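Q: For reference, the chains in residue letters:
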Amino acid sequence: MSKKAIIPLLLFVALSGLFLYVLVQMNKGEYNPRDIPTEFIGRAAPEFTLPSLFDPNQQVSSSAFEGNPWLLNVWGTWCPECWREHEYLLTLRQRGIPIVGIDWRDDREEAKAMLARLGNPFVAVGFDPDSELAIDYGVYGAPETFLIDADGIIRAKHAGAMNETVWREKFASHFDKG
Amino acid sequence: MIPELGQITLALALALALVQGILPLWGAQRGVSSWIALARPLARLQTVALALAFALLTYSFLIHDFSVAYVAHNSNTRLPTQYLVSAVWGAHEGSLLLWALILSAWGSAVAYFSRSVPDVVVARVLGVLGLVGVGFLLFMILTSNPFDRLVPSPMEGRDLNPLLQDPGLVIHPPMLYMGYVGFAIPFAFAVAAMIGGQLDAAWARWSRPWTHAAWIFLTLGIALGSWWAYYELGWGGWWFWDPVENASFLPWLVGTALMHSLAVTEKRGAFKAWTVLLAIFAFSLSLLGTFLVRSGVLTSVHAFASDPGRGVFILMFLFAVVGSSLLLYAIRANEIKSSVRFEMLSRETFLLLNNAILLVATVAVLLGTLYPLIADALQLGKISVGRPYFDTVFMILTLPLVALVGIGSISRWKRDSGERLWKRLRLPALVALVLATAHSLLLVPFFNPLTLLGMALGLWVVASTLTALRDRMRPHNNLRHIPRGFWGMALGHLGLAVFVIGVTMVETYSVEKDIRLAPGETYAMGEYSFEFKGVDTVTGPNYTAFEGAVVARHGEREIAQLTPQKRTYLVQKMPMTEAAIDAGLFRDLYVALGEDLGDGAWSLRVYHKPFIRWIWLGTLIMALGGLIAATDRRYRALARRAAPTAGATGTARG
Chain H
1 MSKKAIIPLL
11 LFVALSGLFL
21 YVLVQMNKGE
31 YNPRDIPTEF
41 IGRAAPEFTL
51 PSLFDPNQQV
61 SSSAFEGNPW
71 LLNVWGTWCP
81 ECWREHEYLL
91 TLRQRGIPIV
101 GIDWRDDREE
111 AKAMLARLGN
121 PFVAVGFDPD
131 SELAIDYGVY
141 GAPETFLIDA
151 DGIIRAKHAG
161 AMNETVWREK
171 FASHFDKG
Chain B
1 MIPELGQITL
11 ALALALALVQ
21 GILPLWGAQR
31 GVSSWIALAR
41 PLARLQTVAL
51 ALAFALLTYS
61 FLIHDFSVAY
71 VAHNSNTRLP
81 TQYLVSAVWG
91 AHEGSLLLWA
101 LILSAWGSAV
111 AYFSRSVPDV
121 VVARVLGVLG
131 LVGVGFLLFM
141 ILTSNPFDRL
151 VPSPMEGRDL
161 NPLLQDPGLV
171 IHPPMLYMGY
181 VGFAIPFAFA
191 VAAMIGGQLD
201 AAWARWSRPW
211 THAAWIFLTL
221 GIALGSWWAY
231 YELGWGGWWF
241 WDPVENASFL
251 PWLVGTALMH
261 SLAVTEKRGA
271 FKAWTVLLAI
281 FAFSLSLLGT
291 FLVRSGVLTS
301 VHAFASDPGR
311 GVFILMFLFA
321 VVGSSLLLYA
331 IRANEIKSSV
341 RFEMLSRETF
351 LLLNNAILLV
361 ATVAVLLGTL
371 YPLIADALQL
381 GKISVGRPYF
391 DTVFMILTLP
401 LVALVGIGSI
411 SRWKRDSGER
421 LWKRLRLPAL
431 VALVLATAHS
441 LLLVPFFNPL
451 TLLGMALGLW
461 VVASTLTALR
471 DRMRPHNNLR
481 HIPRGFWGMA
491 LGHLGLAVFV
501 IGVTMVETYS
511 VEKDIRLAPG
521 ETYAMGEYSF
531 EFKGVDTVTG
541 PNYTAFEGAV
551 VARHGEREIA
561 QLTPQKRTYL
571 VQKMPMTEAA
581 IDAGLFRDLY
591 VALGEDLGDG
601 AWSLRVYHKP
611 FIRWIWLGTL
621 IMALGGLIAA
631 TDRRYRALAR
641 RAAPTAGATG
651 TARG
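Note that the protein sequences, when read in sequence, are chains H and B. Position one of the first sequence corresponds to residue 1 (our numbering), numbered consecutively onward. Position one of the second sequence corresponds to residue 1 (our numbering), numbered consecutively onward.
If you are wondering where the hints come from, they were derived from the structure by calculation, not from laboratory data. On a predicted model such as this, the values are computed, not experimentally measured, just so you know. There could be a bad hint or two in this list.
Claimed, not checked - Residues from chain B shown here face chain H by an in silico Cβ test under 8 Å; the list is partial:
# : residue
1 : 240
2 : 311
3 : 320
4 : 323
5 : 330
6 : 386
7 : 595
Glycine included, C-beta positions come from ideal geometry on N, C-alpha and C.
Whenever a hint applies, use it, and build me the whole structure from the sequences.
A: In structure tokens:
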């Protein structure tokens with residue numbers, strides 16, 4: 001057995017080890033690529049103040065939305081899933097659900113162009129090129145949607161595109177109550 | 001009753017695969033000819049059993065047997081018949097059945113077409129395929145059985161995912177699976193050769209047509225997926241670097257490297273170890289793609305019901321298949337020596353560069369796909385890798401690759417001279433530069449250096465390939481003397497050129513506008529204009545839709561009535577965009593319906609996409625090249641010979 005010839009095998013074993021580690025974590029419920037650690041839910045939503053996407057001189061701040069339940073949606077023009085859910089977000093907006101968008105790791109002009117093209121489902125959009133909010137909220141992929149209730153507590157979270165099923169299962173009840 | 005029959009046929013197929021995976025391999029080691037002779041009939045029987053299982057599942061869909069869980073979850077009485085059939089492979093369980101069926105069908109094809117290959121080799125190849133089949137069938141029966149009953153059975157099914165209710169998606173998955181699974185054949189030949197210890201050029205010659213065949217299907221499958229995303233997702237994009245797209249692209253890249261490296265191994269006896277490794281990698285990446293998509297480890301637009309429990313199974317399977325073959329490689333690598341020498345400037349070197357670039361591209365795409373996962377597991381933070389990374393890295397890697405295509409196909413085996421190459425290539429280079437410059441200055445809306453580069457490279461490939469063809473016909477001055485293998489290569493490269501030109505034009509000169517139009521209003525885009533007539537409600541078999549009417553004109557002349565739709569499927573309540581496209585060789589006009597803005601006005605997405613058809617046309621030409629190369633007379637001529645001797649015939653023709 002030559003030393004060089006064993007390299008592919010070693011690389012593959014290392015890769016398999018990584019996959020196994022991830023899977024075991026997933027099975028134990030300690031890691032889910034589609035969901036946040038549950039400890040986030042039921043905690044006070046981290047406060048944030050970010051420049052507005054549309055006007056860098058204006059601020060989008062979490063304090064402005066207190067008093068009613070609202071959604072925080074993290075998105076970016078670079079993410080195909082976000083395009084997919086966009087239409088659904090517009091439906092939510094039509095139903096009167098306030099959604100605050102966070103444009104994450106993105107190009108300001110492209111993001112504005114996308115909203116101009118597809119319609120804007122957001123009551124306000126914060127611009128977060130350096131992951132300030134994303135780190136506080138433990139965001140690792142886009143899109144992610146948080147539900148923050150009237151008292152500023154995170155009540156639900158969904159990683160991945162929003163749709164009617166997810167809405168009914170995770171989010172709708174918090175809005176029906178008031 | 002029917003589902004139970006299905007269970008029985010699956011169990012039967014598993015038993016047959018198990019025997020096929022043990023007896024012929026054992027027989028080949030011990031020299032038991034009766035066990036060796038079992039390989040072919042077993043492969044055929046396994047195909048029959050799986051075809052029967054597949055037919056039974058299809059039948060359950062056709063008669064709306066909602067007592068079968070898989071049918072209830074993926075079908076509906078109002079689903080049109082063609083989608084009832086395609087729903088069979090529309091979700092996880094059924095697509096695995098299709099996968100297993102295709103794997104055994106490839107095996108039967110090997111059994112049928114390899115009459116001239118020594119029986120011992122065929123027994124080993126079919127044995128390896130049998131073992132792979134055992135893994136797949138166990139996975140299906142234990143974790144994802146398509147015949148499981150649903151108690152109590154519902155009156156109505158949940159309907160097929162609306163995204164999949166589309167003609168493009170009827171054939172996209174089978175094509176893709178034919179490609180993925182097809183790479184099991186060169187893999188099995190490589191493993192069989194390593195087991196047998198006969199790592200001469202013969203195994204390369206036997207695997208070549210199979211590699212071409214798998215590559216053709218994978219190429220077509222990927223192109224179909226891209227085409228589908230273009231018109232169905234309503235975004236007008238043709239490639240998204242989504243993890244699942246990457247999962248199909250990775251084996252394609254390695255498969256392409258394998259095709260080129262097999263040519264060297266067969267004709268010159270060089271790169272032997274490397275080729276074996278590529279054959280293992282191509283199939284491993286096919287399996288890895290399955291693992292990533294089905295285990296839920298990576299999130300993607302392809303919403304397969306993911307399940308970490310299944311993930312563990314596939315990982316074990318992956319580990320068994322890839323780990324054992326790489327271990328075998330590590331043990332045998334010392335014996336795989338390529339004794340042939342070649343000089344720095346030779347076709348071998350150019351093909352080596354081709355392989356190196358394709359492999360680096362594979363690693364780059366693999367890293368980009370897995371990086372978020374790795375970073376997360378090592379607690380480096382949650383990171384997502386987006387389009388900018390892939391676009392940049394891939395462009396930097398493919399530009400030299402395309403440039404090399406021109407030189408490689410004209411260069412000589414073993415030894416070439418820079419002077420000769422320069423003499424042969426200066427004309428094509430000049431033609432490409434002049435035409436591309438003229439095009440960039442005169443024919444396009446605005447100048448862009450990247451367009452100039454892309455066009456120059458595309459035209460360079462065309463010009464140098466035509467030169468290579470002319471060189472090749474020179475001794476007889478007759479096109480018919482050019483072997484099919486050479487035609488295949490030329491077409492493959494011309495297809496690449498068409499593809500590069502298409503991508504260049506689409507990426508630079510697409511115009512995308514989102515506009516608000518009230519009925520009767522017209523929007524002008526360059527020479528084209530779009531008149532919005534209003535929106536109507538229409539009803540399909542299992543959906544209702546808003547349908548816009550748009551008249552597209554070129555100058556004053558009406559060229560198309562476009563009817564983009566926005567559908568809501570009744571059962572799954574999912575909104576779907578159906579873009580309306582007026583397709584043309586040089587441009588597509590693309591209209592998608594946005595939202596209702598009140599008072600009859602709607603937002604519309606209007607795209608002008610120059611040359612976008614060239615992207616898929618290019619892949620079609622590439623696939624045609626593969627087909628012609630796979631049917632080269634050389635393989636058939638060899639097939640007639642009882643025991644082909646290694647090396648000699650190949651080099652003589654090279």
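Q: Give a verdict on every hint.
A: Now for the hints, and whether the structure bears them out:
Taken as an interface hint, residue 240 of chain B checks out: its beta carbon lies about 5 Å from the nearest beta carbon of chain H, inside 8 Å. For residue 311 of chain B, the interface hint holds, the least distance from its beta-carbon to any beta-carbon of chain H being 5 Å, beneath 8 Å. A distance limit of 8 Å between C-beta atoms decides the matter here; for residue 320 of chain B the minimum to chain H is near 10 Å, and the interface restraint is violated. For residue 323 of chain B, the suggested interface contact is upheld, since its CB lies about 6 Å from the closest CB of chain H, less than 8 Å.
Satisfaction of the interface hint for residue 330 of chain B is found here, the shortest Cβ-Cβ separation to chain H being roughly 4 Å, below the 8 Å cut-off. Checking residue 386 of chain B against chain H: minimum C-beta separation of about 4 Å stays under 8 Å; hint holds. For the restraint placing residue 595 of chain B at the interface with chain H, the shortest Cβ-Cβ distance is roughly 5 Å, inside the 8 Å limit, so the hint holds.
The structure is inconsistent with hint 3 alone, although it conforms to all the rest.
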